[in-house]
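Student: Those protein sequences? They're chains G and E, same order as listed.
Numbering follows numbering that gives the first Met the number 0, in which position 175 of the first sequence is assigned residue number 174; successive positions increment by one, without gaps.
Numbering follows numbering that gives the first Met the number 0, in which position 137 of the second sequence is assigned residue number 136; successive positions increment by one, without gaps.
It is worth saying that the hints were derived from the structure and are not from the lab.
Listed below are the simulated DSS-like cross-link pairs for lysine-lysine, each with C-alpha atoms no more than 30 Å apart in a straight line:
| id | chain 1 | residue 1 | chain 2 | residue 2 |
| --- | --- | --- | --- | --- |
| 1 | E | 144 | E | 38 |
| 2 | E | 51 | E | 61 |
| 3 | E | 273 | G | 395 |
| 4 | E | 159 | E | 72 |
| 5 | G | 159 | G | 38 |
| 6 | E | 38 | G | 217 |
| 7 | E | 334 | G | 395 |
| 8 | G | 159 | G | 217 |
| 9 | G | 217 | G | 144 |
| 10 | G | 144 | E | 334 |
| 11 | G | 61 | G | 217 |
| 12 | E | 395 | G | 334 |
| 13 | G | 38 | E | 217 |
| 14 | G | 51 | G | 61 |
| 15 | G | 217 | E | 217 |
| 16 | E | 144 | E | 71 |
| 17 | E | 144 | G | 334 |
| 18 | E | 395 | G | 273 |
Here's the letter readout for the chains.
Number of protein chains: 2
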Amino acid sequence: MIIWQNLTAQQQQQLLARPAIADNQQLSAGVEDIITQVKTQGDRALFSLTEKFDGISLSTLKVSPAQITQAKKALSTERLAAINTAYEQIKSFHQAQQPQDVVVETRPGVVCTLTSQAIESVGLYIPAGSAPLPSTVLMLGVPAKLADCARKVLVCPPDKNGQLADEVLVAADLCGIEEIYTLGGAQAIAALAYGTQTIAPVCKVFGPGNRYVTEAKKQLSQQVPGFAIDMPAGPSEVLVIADGNSNPAFVAADLLSQAEHGPDSQVVLVTDSKALIAEVEQALTQQLAQLSRRDIAEQALSQSRLILTDNLTTAVQVSNQYAPEHLIIQTENPKALLAGIRNAGSVFLGAYTPESAGDYASGTNHVLPTYGYSKVCSSLSLADFYRRFTVQEITKAGLAGLAPCITELTDAEGLDGHKRAVTIRLEPEKAQDIAQNQAPAADISKQGGSNE
Amino acid sequence: MIIWQNLTAQQQQQLLARPAIADNQQLSAGVEDIITQVKTQGDRALFSLTEKFDGISLSTLKVSPAQITQAKKALSTERLAAINTAYEQIKSFHQAQQPQDVVVETRPGVVCTLTSQAIESVGLYIPAGSAPLPSTVLMLGVPAKLADCARKVLVCPPDKNGQLADEVLVAADLCGIEEIYTLGGAQAIAALAYGTQTIAPVCKVFGPGNRYVTEAKKQLSQQVPGFAIDMPAGPSEVLVIADGNSNPAFVAADLLSQAEHGPDSQVVLVTDSKALIAEVEQALTQQLAQLSRRDIAEQALSQSRLILTDNLTTAVQVSNQYAPEHLIIQTENPKALLAGIRNAGSVFLGAYTPESAGDYASGTNHVLPTYGYSKVCSSLSLADFYRRFTVQEITKAGLAGLAPCITELTDAEGLDGHKRAVTIRLEPEKAQDIAQNQAPAADISKQGGSNE
Chain G
0 MIIWQNLTAQ QQQQLLARPA IADNQQLSAG VEDIITQVKT QGDRALFSLT
50 EKFDGISLST LKVSPAQITQ AKKALSTERL AAINTAYEQI KSFHQAQQPQ
100 DVVVETRPGV VCTLTSQAIE SVGLYIPAGS APLPSTVLML GVPAKLADCA
150 RKVLVCPPDK NGQLADEVLV AADLCGIEEI YTLGGAQAIA ALAYGTQTIA
200 PVCKVFGPGN RYVTEAKKQL SQQVPGFAID MPAGPSEVLV IADGNSNPAF
250 VAADLLSQAE HGPDSQVVLV TDSKALIAEV EQALTQQLAQ LSRRDIAEQA
300 LSQSRLILTD NLTTAVQVSN QYAPEHLIIQ TENPKALLAG IRNAGSVFLG
350 AYTPESAGDY ASGTNHVLPT YGYSKVCSSL SLADFYRRFT VQEITKAGLA
400 GLAPCITELT DAEGLDGHKR AVTIRLEPEK AQDIAQNQAP AADISKQGGS
450 NE
Chain E
0 MIIWQNLTAQ QQQQLLARPA IADNQQLSAG VEDIITQVKT QGDRALFSLT
50 EKFDGISLST LKVSPAQITQ AKKALSTERL AAINTAYEQI KSFHQAQQPQ
100 DVVVETRPGV VCTLTSQAIE SVGLYIPAGS APLPSTVLML GVPAKLADCA
150 RKVLVCPPDK NGQLADEVLV AADLCGIEEI YTLGGAQAIA ALAYGTQTIA
200 PVCKVFGPGN RYVTEAKKQL SQQVPGFAID MPAGPSEVLV IADGNSNPAF
250 VAADLLSQAE HGPDSQVVLV TDSKALIAEV EQALTQQLAQ LSRRDIAEQA
300 LSQSRLILTD NLTTAVQVSN QYAPEHLIIQ TENPKALLAG IRNAGSVFLG
350 AYTPESAGDY ASGTNHVLPT YGYSKVCSSL SLADFYRRFT VQEITKAGLA
400 GLAPCITELT DAEGLDGHKR AVTIRLEPEK AQDIAQNQAP AADISKQGGS
450 NE
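Input sequences plus hints: build the corresponding full structure.
Tutor: Structure representation (structure tokens):
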């Protein structure tokens with residue numbers, strides 16, 4: 000237990016600092032080498048790298064429609080229903096995020112529009128460690144489907160038999176993904192960025208991954224012009240704000256659900272109740288013993304922080320300083336604290352809103368900014384599968400109305416080519432135009448007189 | 000003149016490729032050194048680097064309120080009015096972009112919200128080359144003001160007298176920017192990322208700059224956790240789509256207004272009219288002679304491409320393949336072509352909508368994706384000064400309704416800590432809860448039966 004107010008500002012900062020990610024030159028060079036192989040040898044490199052890293056010699060990368068039909072048959076009714084329910088939940092929330100055009104006539108004859116268009120081709124990376132991750136397929140595939148991206152490509156590493164999990168195939172099919180490749184690691188990201196004989200390149204890659212995948216996304220987004228990634232990645236993390244009324248068993252369960260993700264998971268409890276900390280510690284011990292992934296959770300917990308603050312206002316400040324990926328507010332009146340929350344990826348309000356609800360099926364996206372990036376990055380949403388751009392249409396009278404402003408500023412900036420592009424359009428009948436546009440001219444002087 | 004259909008697909012691709020940006024190790028190492036100096040020596044490095052690169056020994060970095068008052072007095076009524084008009088135009092369009100919360104009850108008792116909050120601290124970089132750039136101050140400062148970012152910091156390199164231009168100070172004051180520093184180059188970006196004694200660090204930096212600034216933004220966004228930049232930068236570019244009805248003098252003026260930006264500016268004309276190409280070439284020669292920056296424009300024009308296509312549909316395809324920063328459609332019916340446009344930063348429709356209108360005063364933002372990034376990146380808008388995040392609030396009954404879905408998926412993914420965080424909340428009265436929630440359970444099976 001750490002007593003917040005006993006620490007200096009510097010100690011407080013250190014307490015909340017993420018563990019430094021060591022500059023791993025071996026990893027970086029290894030990924031660079033994989034990228035070069037894929038760039039120069041195409042498919043041949045994909046087959047040999049899959050053999051090397053996944054231990055399986057594949058004859059084809061692309062998943063066939065027959066494999067998807069087979070996957071649907073293989074799954075239980077309950078599992079199919081669960082995938083469908085999660086799909087509908089996520090769809091319901093993301094569909095409501097469809098972008099709307101903004102159209103403003105900023106002055107007579109000058110119409111500006113902010114509009115959106117789906118990114119043409121997207122790549123969705125689905126990790127496959129100890130278990131399949133159909134939830135991640137849905138978190139990436141549903142918004143890609145709703146945005147109606149022309150090409151949606153899913154990549155996922157093969158299991159030791161060279162197969163993808165039935166759950167992954169069924170979820171991908173639900174999202175209308177027609178290109179699925181049995182391919183993982185840095186080589187998959189390189190294939191999506193540069194393209195090979197089998198896999199055409201995509202514009203943007205989404206999804207979590209191990210450190211090879213993360214490093215490949217980082218390197219490729221720097222080296223391939225016009226290629227983008229969703230967001231920087233770091234270890235998963237949760238911060239729970241609780242008070243004397245919180246149920247310690249619920250708090251402990253939430254901390255453990257984060258801790259089981261990986262030994263590098265970050266787990267933080269901030270509370271104004273000393274008694275709660277003791278009770279949570281007890282509950283953690285009790286619940287930990289029952290977890291199948293208790294070794295992983297134990298390692299993560301050994302780095303956890305249980306912080307005692309004077310009051311809940313300070314607890315909110317601690318959370319804002321930490322900027323957690325997941326923030327659970329399990330206090331008597333959680334909504335009262337929400338207004339003060341500045342930085343968080345996704346917020347879970349109240350005793351019956353565990354993080355795992357958002358991980359699977361509340362409807363929110365589980366791809367979230369980590370490692371302090373929730374101060375500047377957005378949670379993944381439908382907007383990330385679109386790009387915004389502007390359109391303007393100006394009448395001759397509208398341009399005449401803007402001309403005094405533009406030409407004065409081009410003079411200030413010494414760009415007479417910019418000025419000429421305006422004046423040449425008004426030249427032959429210039430005097431007449433100005434007479435016609437007295438109203439906009441009057442507007443200008445009125446606007447000019449006010450700073451707000 | 001290049002006849003598009005006479006080229007092979009590969010030649011077409013080469014024709015539209017941006018010039019490769021050479022990997023300049025000297026530049027990269029130089030910027031790395033500047034960053035290290037600022038990180039380790041703080042203000043002292045800022046003063047010495049300013050003396051080295053700007054040739055001026057400053058005694059203070061921060062601009063005083065008196066200097067702003069002075070700047071307002073120094074400017075002519077016309078110039079003040081022009082800055083005010085541009086401010087009002089940009090404000091009018093960006094104010095209409097204020098984000099709205101999205102609230103969805105995705106099933107009874109499960110309420111999900113997508114909400115936005117201003118990024119707490121933003122840095123705005125304003126270049127200062129041959130002339131002041133008040134327009135860029137407005138393009139960054141207006142959305143920062145409208146988002147109400149708590150800290151707005153503007154940096155701009157000093158002139159040879161150690162001053163910032165009056166136009167820059169007046170525009171910054173209009174945007175409510177209270178922290179203005181006389182500081183430019185890579186050292187300014189490093190100060191904003193790491194902070195010094197005088198300048199507290201910011202979360203996100205916006206704005207264009209020379210290659211030192213661009214390289215510093217790139218390096219710092221990779222090395223400082225939680226620090227973000229607006230978008231990747233490249234040389235400015237325009238593509239004009241025109242037909243036999245277009246006014247060649249207008250087209251030439253638009254091409255030249257882009258060409259005068261810099262010798263590396265990209266200028267492309269695509270048309271279905273051979274006659275227009277000849278007329279534009281003539282108009283270019285004529286207008287070029289009158290430009291003060293004709294040497295720069297001439298260099299850019301020597302790399303320009305005048306492309307003849309069979310028809311306007313192909314012209315649109317060429318534009319989509321190129322993905323221009325600025326796209327001017329100057330045809331008889333420009334709106335008819337707009338529907339086919341996939342990739343562009345900002346679109347200018349019709350004979351009376353020159354790019355310079357958008358550069359200064361139509362209301363749209365002039366910070367746009369270049370170098371092919373308009374395929375994946377958005378034009379700068381109010382959204383870039385906010386971050387989106389989600390909030391969910393679930394009732395006990397709502398959680399019980401979701402439980403079958405979540406626990407089936409946690410089983411599939413082997414995460415029993417995630418499962419436990421749900422079941423522990425429903426345990427004591429579990430049977431009773433399920434009875435109470437037959438309606439949601441029925442919902443699940445209904446949803447489970449449908450793939451859409």
